[in-house]
Structure formats: structure tokens, C-alpha cells
Amino acid sequence: MAKKSKEKKNANGSVIRVRNLVAKYGDVTVLDNVTFDVPRNEIYVILGASGCGKTTLLKHLTGLIPATNGAIEISGQNITGMDEEQLAGMQRNIGIAFQNSGLFNSMTVGDNVALPLREYGNMEPQLVNAVVRLKLSLVGLANAEYKLPAELSGGMRKRAGLARAIALDPPIVFFDEPSAGLDPIMASGLDELILNLKHLLGITLIIVTHELDSIRKIADRILMLDQGRVIFTGTVREAEQSDQDRVRQFFERRPDEHITQRNI
Amino acid sequence: MNEKRIQCPKHLDQESGRGLVEQVRAEGVAPRQTLVLDFSETEDMDTRGGAWLIELANYVKAQNAKFDLAGQQGDVAEFLGLLRPSLVSMAEAPPQRAGVFEQAGEAALNTISEFKEFYHFLVDTIYWTALAPFEGRGFRWGSFIDELNEMGVRALKITLLMNFLLGMIVAMLSAAQLELFGASIYVADLVMVAFARELAAVMTAVVVSARTGAAIAAELATMKVQEELDALRGMGLHAAQFLVAPKVLALVIALPLLTGLGMLAGIGGGAVWGLVVLEFRPDIWFNQTLNAAMFSDIFQGFFKAFVFAIVIVLIGCHNGLRVTGGARGVGLMTTRAVVMDIFFIVLIDMIFAAFFYYIL
Ligand SMILES: Nc1ncnc2c1ncn2[C@@H]1O[C@H](COP(=O)(O)OP(=O)(O)OP(=O)(O)O)[C@@H](O)[C@H]1O
Ligand SMILES: [Mg+2]
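For the record, the sequence lines run as chains A and B.
Taken in order, the first sequence gives residues 1 to 264; the numbers are from the numbering used here.
Taken in order, the second sequence gives residues 1 to 360; the numbers are from the numbering used here.
Don't take each hint at face value.
As the list claims (entries may be wrong) - Listed next, the in silico PhoX-like pairs over lysine-lysine satisfying Cα-Cα at most 25 Å (straight line):
# : chain 1 : residue 1 : chain 2 : residue 2
1 : B       : K116      : B       : K66
2 : B       : K4        : A       : K147
3 : A       : K147      : B       : K61
4 : A       : K24       : A       : K59
5 : B       : K116      : B       : K10
6 : B       : K4        : A       : K198
7 : B       : K66       : B       : K10
8 : B       : K116      : B       : K61
9 : A       : K198      : A       : K217
What the hints assert, rightly or not - If you want the footprint, here are the derived chain B segments under chain A, 3+ residues with CB under 8 Å:
#  : stretch
10 : 24-33
11 : 45-51
12 : 323-335
Said to hold, decoys possible - Every beta carbon over 12 Å from chain A, so not counted as near; a handful from chain B, in silico:
#  : residue
13 : A57
14 : P94
15 : A98
16 : A132
17 : G260
18 : F280
Everything labelled a hint here was simulated from the structure, so no lab data went into it.
The structure presented is a predicted model; accordingly, all values stated were derived computationally and were not measured.
Backbone N, C-alpha and C define an ideal beta-carbon position, used for all residues, glycine too.
Isolated chain A, as found in the complex (with noise of 0.2 Å):
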């Protein structure tokens, strides 16, 4: 495809490069000097466990957040001493699907994918309803376009946010836990979906998720957090072979010893 043709020539470069990044909420140390790079057109899985700080992650990552500490490269700017207007503009380049989803509740589905098209597409206005058709078929939902998201079911309103986040085809998408709440086989065709986004349309994706069969299957590499700190960044397989025991942990499924201790 063209895009992927371009993204392949400079492969290897990195989309996003965090360094030193230091969340906090009031007092609350939530991320501790957080330092990774996402290499352009692959599938970066952060992970962990609930309340590691993932989310906050990438309400940083997106600029939804302003960092305490350190420096956020998007696209080779750095978004942490950006202005409202230029946060704006950066955003504009990304996609975010959230953790619920984040529908407009009182427009249809179909507006609710039109909506950034409408606001920065620039494009006719035959041309944006194809277009919404398009990205909600290519989610599966291609027969709930007048449907409101009150109407949806949760794996279904996910799939909606997805296709409003790829409505302007940004080359990076974040998407904090896609699989949770769907069933087996809507969770693996959300997998491909995600393989096809990135395969057919040369975009990089940052994906929060859990789920280890997907995880295996779409993770180029992983970012893994323990409370607030990286533990581990690099592929799946190596996870599974890290010599950090909470690393393969986390792989082999296997419980805490005192499960009380840690904050849940």
C-alpha cells in the first residue's frame, strides 16, 4: 500500500520516544521514570497489572495529561513544553480509543465516526459518509451506523470507538484494553482487525491489554509496568525467558504469593 511502501524505507525510526517520564497524581507517584521507544508501523503492548498506571500512560503519551517530569516524542516533537493549539494540532495526527470507549452518547454511531471528519476531514460531504461506512464495516459494524452507542453492547461500543479513532487515519493509534469485555471469537477478530490496521494501512499502534493468546498473537513488543516502574521492555519471547521472575510471572499465570500486600 502507499503508505506502508513509505513507513517501510524508514522502518527503523521510532514514532514515539519517552524519556525519564514522571507521573503524578497531587502527591501520588503514579509513573517513575518511564523511558521506552515505539519503532514506527509496529504493535507496542503495554502491560501490567490493573492499576500499574497504564491509562496514565497514555493520557501522557496523547497529551490528555501534562507530565510532571521528563520528555514525550510524538513524531519527533516533543509534546511536553507544547500550547493548547500546538497539543491540538499533534492530536490530530493520533487516534485514541478509550478504556470506555468515550462515544458521544447523544449521536448516532455513525456520527459519532463522522464527527472528526466533519471537523478536520476536509472533504465532501458523500465522500464522509463512504467513509464512515468503510471504517465501520472495517470493525464489524457496518449495519449499526443509526444506531446511538445507549443501544450498543460494550464489545460493539469499543469497536465504534476504534472507528471513530481511525476515522482521519492517523499513523499512530492508541487503544487502552480492546479485548476486555468481548467474547473469544469477537476478541480474535478483534486481533486481526488490529494486524489488518497495521498490515493494510501502515499504522503504528499502542495497545494496552491483558489478554495473553492476543498479546502473542499482534505484539511486536512489550512495555511491561510494575507499580509505576518498567520492568521489562522487548518481545514476547524474551519476556517469557526474562530472568526477572515478576516478568514471567505475568506469562506463566501464575498468582501472588501475598496478594494482600500489593496495592490492587
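Once you have looked at the hints, place chain B with the ligands on chain A.
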């Protein structure tokens, strides 16, 4: 077999896709003809190009013709595979708006079902507020105290201020008229009677419905939207017991008290005008006021406040529990609750006025 072949461009993107659609539109397709798009030379395509294909497929099907793809390979074939659902089936038409009669019918049915729901809600509420506590089935005193604080204590300042200002306004208006007859002292009577019977109860109820009525509706609506009410039911608890009963009792106590204080504030507002502007001696003014005070008037004010309290809580809860959809539904129902509150306050006040005028 009637077939028409069209060669697709090498790179199918927004520009070349538009060209393709324009070409087909210009040439036209005959009914029952099959339009075959030949992708044998297409090397790549993007989503905008794909969107034009969907547009094209819709156009072709609208002409009663058929649409087919041929010669696609590699990534293009994969991409087209993903688009299949929207290429083969017609785009759904947006749902039609119902006709006038259907709308009227639906509105009637809605009203009936709303009355039914209200009836059940009312029965539940009466049971959990007035009967269940005596059967030892529990009343949530903790949240009752919280509500009393929120609805009563925290509403005190605004209620007093509004009644005080209204008292001054009434004194000003009536003084202008009564001065013509040299009967300015009767301003004291008028303010007293008006606030005891009418104004304190209505003014306080309006303030409280805008404050508390709206809050009740928004709280219950948000809880319903976020499945908190289902969670409550799932634990075998009743919304009427858990949420509604403490509010009913709290407002039934708070609103008459606020109204009583509102009466004093209103009379105080009138007195400020009488003493400062009309320059009456305080003892004369207050004697006049006390002479005008009748137990039946004051009782009427308190009784109305009691009824208004029940109306405000019931309307707030009822609308909150009826919400559907998300944030927008919450806003709509909150607005509806306040509008209904004010309508019913005025309506009930009128019924009382007529009752006391004709019957007593
Ligand atoms: N708005 C907030 N204010 C204060 N603390 C917060 C806020 N949001 C999250 N936290 C805290 O920050 C920590 C990380 O939260 P975060 O939502 O990033 O976790 P997560 O890794 O996404 O968890 P999950 O897998 O359950 O979604 C948690 O301990 C949480 O209590
Ligand atoms: Mg999260």
C-alpha cells in the same frame, strides 16, 4: 449477459477514486447491467479510495445494476475483502421519522406508561417511607441526616435572601398604592398575610426545586445511566428504600422549616421598608404585623410547604429514574424535573387558593 468493465487506476486514493466515480456517473449504467471493476493493474489503495468505492457501489445499486470486482491481488485483495460488507449490501437508509398520527399515538402511550411507572414508584415510596420503618425493615438514618443538611441547612442562606428581597418588593409595591389613601400602615398587614399564606411557601419551594429538585433528578439519572441502580437491585436493595425514602423525609421536614424562616425573612424585608422609608415607629409597625397574624394563614403556608416538599422529591426521583441514554438524557430529565416542579407548585397553589376562597 450485459457487462461493463472498467479499469481501476494504479493507485486508488482520494483523487483517482473521485475520478472513477465521476467517470461511471458520466457514462451511466443501465439497469440490470453488471459493472465489473478490474483491479488487475491496481497496486495499492488507501481508505479514501476505498470510501469512493463504497460510494460507487451505492450509486450502481441505486441504478438497479450489479457491482462486481475482478483481478484484485495481494494487499488490495485483502483490503477489498474487509470492505466486502459495505460493497455488497446497500447502505442503510437513515431511519424515517414517524408520521403525525404515529407520533400522537406514541405520545399517548408514553403518557400512559409514565403514569403506570409513577404509580408503582409512588406505592414503593409510600411503603418505604411511611410503613417499612415501623415494620422494622430499616430506614437509612445516616443518609437522612446528610440529606437534611444538604437540602435544609445549605439552602438556608439563599432562601432567606430571596424571601427578604421579595418582602421589600411587596412593601414597595403596596406602599405606592396605599399611600394614596393615607393607609400606609396597612403595608404591614399585607406583607404579613401575603407571606404567611402564599409568598414564603411559593418562593421557598421554587428556590428549593431549582436547587434540590434538579440535584435529585441529576443524581438518580446519573446513577441509572452508570448501572448503579441495577447494582443496587442486584444486591436485593430497593432504590425507593435506599435513595428515595431518606430524601422524602428530609425534605418534608426541611421545606416547612425553610418556609417558616422564609416568612420571617419576608416580613423582615417588609419591615425594613416600613421603618426606613415609610418611617413608622417600630412598636407601631410590629403591633400592626402581630395583629394581622392569623393562625389559619400561617397553617396554610406550612401545609402547602409540606405538600410542595413531597411534590418536589417525587418529581425529581420519578424523572431521574426514567432517564435513558447517556449524558444528554441526564440533562433532559433534570430540566424536565425543574419545569414540572414549578408547574405543579403553581397549580397546587392555585387549587389551595380556590379551596380557601370558595370553601372556607
Ligand atoms: N484522576 C486520578 N486521580 C488520582 N489518582 C488516580 C487518577 N486516575 C488514576 N489514579 C491512580 O493512578 C494509578 C494508576 O491508574 P491507571 O488508571 O493508570 O491504572 P491502569 O493501569 O490503567 O489500571 P487498569 O488496568 O485497571 O485500567 C491507580 O493507583 C489509580 O488509583
Ligand atoms: Mg486502565
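Hints that the structure is at odds with (numbers, increasing): Hints 1, 2, 5, 6, 8, 10, 13, 14 not satisfied by this model.
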